[in-house]
Amino acid sequence: MTGKLFIQLLVNGISIGAVYALIAVGFALVFSVLKFSNFSFGGTISACAFIGFFFQKAFNQPPYWITVLVSSVAGVLIALTVDLLGFNRIRKKNSPKIYYFLSSVVFAIMIEQILTVFYGTQMYAFPSIFATTTLQIGGITFSKLDMTILAIAISLLVILIIIIDKTKLGLAIRAVAINSNTSRLMGINSSVIIVLTFAIAGFLGGITGVMLGQKYSVYASLGPSMMLKGFIASVIGGLGSLGGAIVAAILLGVVEIFATFVFGAEIVPIVLFGIMLIFLLVRPQGIAGRIAEEKA
Amino acid sequence: MNNYQIGLTILSCVSVITVTGVYALTGLCGMFSLGQAAFMCIGAYGTFMLTRYAGIPLIPAALLGVLAGVIVAWVVGRLTLKLRRDYFALMTVALGQAIPSLVVVFSEYTNGALGFTKIPKVNGLIWITLGITVLVVFCIRNLKYSRYGRMCLALKTDELAAKSFGINVYKLKVKIYILASAIACIAGILFALRNRYIDNTQFNWALSAEMQIFLFFGGSNSLTGAVVSAFVLKMLPNILRNVQLFGVSMQEYRIILYCILVLIILNFRPAGIMGEHELNFRWVSRLTAKIKNASGRNGGKA
Amino acid sequence: MKKVLALLLAVVMVIGVLAGCGGQANTGGQTGTDQPSQAPSQSQGTQKDLEPIKLGNIQDLTGSASEAGVANAWGVEYAVKMINSQGGINGRMIELYTEDCKNDATEALNAYRKLVDEIGIHALIGPPLSNSAATWKELVEEDQIPCVGHFMDESCTTDENGNVYKYMFLAEPGCIQQSYSIAKFALEKLGIKTAGVLYNTANAFAVAHAKPFMDYINAKGGKIVVEETFSWSDADYSAQAAKVAAANPDAVFLSDYAAQAKLCYQQLREAGYKGIILGANTLALPFPTLVDGEIYDLYFLQNVDMFSEGTDCYDLLQAFFKENPDSTYPKVNACFGYDAVMVMADAMRRAKDPTDGAEVQALLEQTKDVPTSSGPITIDPKTHRPVGMPMYIATYDENNNVKIVDKIFVSEDALK
Numbered sequence: 001m002t003g004k005l006f007i008q009l010l011v012n013g014i015s016i017g018a019v020y021a022l023i024a025v026g027f028a029l030v031f032s033v034l035k036f037s038n039f040s041f042g043g044t045i046s047a048c049a050f051i052g053f054f055f056q057k058a059f060n061q062p063p064y065w066i067t068v069l070v071s072s073v074a075g076v077l078i079a080l081t082v083d084l085l086g087f088n089r090i091r092k093k094n095s096p097k098i099y100y101f102l103s104s105v106v107f108a109i110m111i112e113q114i115l116t117v118f119y120g121t122q123m124y125a126f127p128s129i130f131a132t133t134t135l136q137i138g139g140i141t142f143s144k145l146d147m148t149i150l151a152i153a154i155s156l157l158v159i160l161i162i163i164i165d166k167t168k169l170g171l172a173i174r175a176v177a178i179n180s181n182t183s184r185l186m187g188i189n190s191s192v193i194i195v196l197t198f199a200i201a202g203f204l205g206g207i208t209g210v211m212l213g214q215k216y217s218v219y220a221s222l223g224p225s226m227m228l229k230g231f232i233a234s235v236i237g238g239l240g241s242l243g244g245a246i247v248a249a250i251l252l253g254v255v256e257i258f259a260t261f262v263f264g265a266e267i268v269p270i271v272l273f274g275i276m277l278i279f280l281l282v283r284p285q286g287i288a289g290r291i292a293e294e295k296a
Numbered sequence: 001m002n003n004y005q006i007g008l009t010i011l012s013c014v015s016v017i018t019v020t021g022v023y024a025l026t027g028l029c030g031m032f033s034l035g036q037a038a039f040m041c042i043g044a045y046g047t048f049m050l051t052r053y054a055g056i057p058l059i060p061a062a063l064l065g066v067l068a069g070v071i072v073a074w075v076v077g078r079l080t081l082k083l084r085r086d087y088f089a090l091m092t093v094a095l096g097q098a099i100p101s102l103v104v105v106f107s108e109y110t111n112g113a114l115g116f117t118k119i120p121k122v123n124g125l126i127w128i129t130l131g132i133t134v135l136v137v138f139c140i141r142n143l144k145y146s147r148y149g150r151m152c153l154a155l156k157t158d159e160l161a162a163k164s165f166g167i168n169v170y171k172l173k174v175k176i177y178i179l180a181s182a183i184a185c186i187a188g189i190l191f192a193l194r195n196r197y198i199d200n201t202q203f204n205w206a207l208s209a210e211m212q213i214f215l216f217f218g219g220s221n222s223l224t225g226a227v228v229s230a231f232v233l234k235m236l237p238n239i240l241r242n243v244q245l246f247g248v249s250m251q252e253y254r255i256i257l258y259c260i261l262v263l264i265i266l267n268f269r270p271a272g273i274m275g276e277h278e279l280n281f282r283w284v285s286r287l288t289a290k291i292k293n294a295s296g297r298n299g300g301k302a
Numbered sequence: 001m002k003k004v005l006a007l008l009l010a011v012v013m014v015i016g017v018l019a020g021c022g023g024q025a026n027t028g029g030q031t032g033t034d035q036p037s038q039a040p041s042q043s044q045g046t047q048k049d050l051e052p053i054k055l056g057n058i059q060d061l062t063g064s065a066s067e068a069g070v071a072n073a074w075g076v077e078y079a080v081k082m083i084n085s086q087g088g089i090n091g092r093m094i095e096l097y098t099e100d101c102k103n104d105a106t107e108a109l110n111a112y113r114k115l116v117d118e119i120g121i122h123a124l125i126g127p128p129l130s131n132s133a134a135t136w137k138e139l140v141e142e143d144q145i146p147c148v149g150h151f152m153d154e155s156c157t158t159d160e161n162g163n164v165y166k167y168m169f170l171a172e173p174g175c176i177q178q179s180y181s182i183a184k185f186a187l188e189k190l191g192i193k194t195a196g197v198l199y200n201t202a203n204a205f206a207v208a209h210a211k212p213f214m215d216y217i218n219a220k221g222g223k224i225v226v227e228e229t230f231s232w233s234d235a236d237y238s239a240q241a242a243k244v245a246a247a248n249p250d251a252v253f254l255s256d257y258a259a260q261a262k263l264c265y266q267q268l269r270e271a272g273y274k275g276i277i278l279g280a281n282t283l284a285l286p287f288p289t290l291v292d293g294e295i296y297d298l299y300f301l302q303n304v305d306m307f308s309e310g311t312d313c314y315d316l317l318q319a320f321f322k323e324n325p326d327s328t329y330p331k332v333n334a335c336f337g338y339d340a341v342m343v344m345a346d347a348m349r350r351a352k353d354p355t356d357g358a359e360v361q362a363l364l365e366q367t368k369d370v371p372t373s374s375g376p377i378t379i380d381p382k383t384h385r386p387v388g389m390p391m392y393i394a395t396y397d398e399n400n401n402v403k404i405v406d407k408i409f410v411s412e413d414a415l416k
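Protein chains in written order, with my numbering: chain A, 1 to 296; chain B, 1 to 302; chain C, 1 to 416.
One or more hints might be untrue.
What the hints assert, rightly or not - DSBU-like, lysine-lysine: derived pairs with alpha carbons at most 30 angstroms apart:
#, chain 1, residue 1, chain 2, residue 2
1, C, K382, A, K4
2, B, K82, A, K35
3, A, K35, B, K156
4, C, K211, C, K382
Unchecked claim - Here are the simulated distance ranges between beta carbons:
#, chain 1, residue 1, chain 2, residue 2, range
5, C, L190, A, T2, 24 to 32 angstroms
6, B, P57, A, T2, 50 to 58 angstroms
7, C, E294, A, Y119, 26 to 34 angstroms
8, A, I7, C, D315, 38 to 46 angstroms
9, A, L10, B, V134, 53 to 61 angstroms
10, A, I7, C, V225, 20 to 28 angstroms
11, A, L10, C, P286, 53 to 61 angstroms
Stated by the list, open to error - Chain B regions said to be covered by chain A (calculated; three or more residues, Cβ under 8 angstroms):
#, stretch
12, 189 to 196
13, 258 to 267
It should be emphasised that the hints constitute simulated quantities derived from the structure, not laboratory data.
Yeah, the Cβ is synthetic: ideal placement off N, Cα and C, and Gly gets one too.
Go ahead and model the full structure; you've got the sequences and the hints to work with.
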């Protein structure tokens, strides 16, 4: 492997890792507040990709930011609907955590099936909304699309971290994450914060959907297949930690690209399984090192 | 019954067997596995590669196939069951992806994506399947009412409290996981015997998820509910095969319908259709007594 | 727990005994249900002779292959309608029973069992996807149901030792012949020296194309310099693309369905690969509508010339467009469905009793020069695959219109 090829793969790995980071953060947010893994997030991403795709088709190439906005609003709405139909009653009744998990799995399957029944499992080509040409710098190819996605992902993540760390809303989210009942006693409207967290995750899901659709074309299992990677990243990063999730996602992207290059694509799921197993055994608290307390 | 109906019955029985295994894991112990299809895959491929390449007769090969599944479950269980419950769930998802991709890696022997055939024909498979189904369900029923079953329920409700009562939670979990996986292996072998064709895409995560849906539909605390829903929900779409709704066959909608039903159940009756109830003789006699004696004299006693 | 384990072991033992009694002998006694439907036809009553022939048709009407499956089903229906309107087969009408297999092996088997056991079909038209057909390749022999279809994978018609599956017949060139054709074209007409392959190891179609392509190139003086793979769950092929671009072969063969091939194509070009890209018949229309950006130096396989007036398939496709006004491009699968019925009908016409599976099977083996939309079909009784059929090589012009550039004759025994 030449040095140039090595850097090329690194660049590819980081750009795919940025996408995983967006998904992982969507996961980590919901996990930090409700302490369950929201499997339905993958479905939200697919659905948003389809909505963005049809919007783009219907309005004959509107400016890209309108498409992104529409699909992120759709993401918020879907996330809120899922919360209302799937989690709201469970939360009110204080049912065991396992029902959240089950409910999200059911939603994940349902959204994928709805998309499959109506649009089949074939891929739809997203009309280009970002530049799709490539750029050569010092013999290394940079895809403009990848760079755009990377830039959007990083800026979104920075904004999100600022919101969580510096604003009152962020403080409230962190408080609810530690203990929702105590937060309520402190005058925080926990249920509103929880709904808001879902909305933020949905917003991220919407943007991720458009970008993934643009990069890999739109199909029903787009979100779910990517979701597992985001999920793995959020676990390795330490469930509930945003910074850890981002670092882990980028690492995951790089490892995956190199593993594919060296061992071939069919070995990658096995390699990922092994990495996760080792990681969870050696460092179950994740990269971030904060142990997410189980509320159950 | 013709071959078609026999085939469907076998398929439904396979579904009952797997869901019974998942019941032991999720219903009794509260552990979520989204990778039980991987064990069906191990059982099926393990057994029939042995019969095909090593020329081992079906029965010892099936035993070895189940043994292979048990070993994998033992290794994975030992490593992951000390972790949080959702880490375990995640690991099972990853396992569910890793095993079918192993089938592709060893394409030379498994025939990879082209599908594995030359599975021996077994006459009277329906009777064997029914026999195994009854026995597996009977075993798990006994497990539920045994000391182990009560220990499982204790650990499901509160792991810490269970530990304080002197239950070795970790060991118990590993044992139940191995048991559930061995049952999944048996189901996988029957599945392969019925189809006489297997490929890696059949054992995907949708199959694992389907088992969980069936389980929670019937009620994760009721073995009766799980068994009945696993049988009926698997059979129903094939009966509705040619029923159309808005120009799309009902079979297409089936998963969506099941999802909606499960969501309704989760929202309004989280314990599932059967709740905690089990079908047993006391229950039947009580019901008949109730019908006989409308005054409810016996009902009060219960 | 010990009790449970002991009981489970007991279960296994009991099964052992049961299964041992059952034995693994192929007595065929289980298939009794379709016997009655065949018995009456043997008594050559005039009344019985006019009973319709029940033709099964299993296609992917829904699921990931529905695009091809629906067109295929249309072709079958069209052919059956045409035969019936011309007086049927020796005066007997064909009754068509179509079932959906959803590109799922278990569903395919359910559909097959339903058609055979509930309907009592006499013959079967199979889908263009090999995985579904593979589920019943051994069963059709037990049930004596001749099956004609477009399951290209050789393993659907012959097993690994070259023994033929007696009741399975292919009505188009198999994967080996098709990939030899594109390899031959690349070596002889494009003059390539080195080649690479990029294919989906989890897709039977892709694997069955990639291997013979590599064999041919290596055997005929070329060299395979890079072999890269991916699987269904992957959407990012940039690592593979980077490796291919680094090896920089003269041509790369992409082997998978259109959607994945599109991603491969795009990511190969993004990785800076500028050479020739070759593809299977999945890269036909609507492939260019999927790809962002310019398509150049792309050559792919076509079974028929669908674009020149006067070819056998042209009229058929016009009929297809007329009945499916929302189709924007010609689908070769419409021809496939039609061809399969034509081959089957030809054998049935020659049979004394077209509902006798064994007789029709024997006559299918003698299929010679049956006119179909893909030209005359002659089936080799040793492989149950057609011989002497050409493959077309096509490319896209600057307006992304298909242009046929060559017609290749190559036998699947070319390397033997």
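| query | Tell me, which hint numbers fail for this structure? | reply | 1, 8, 11 and 12
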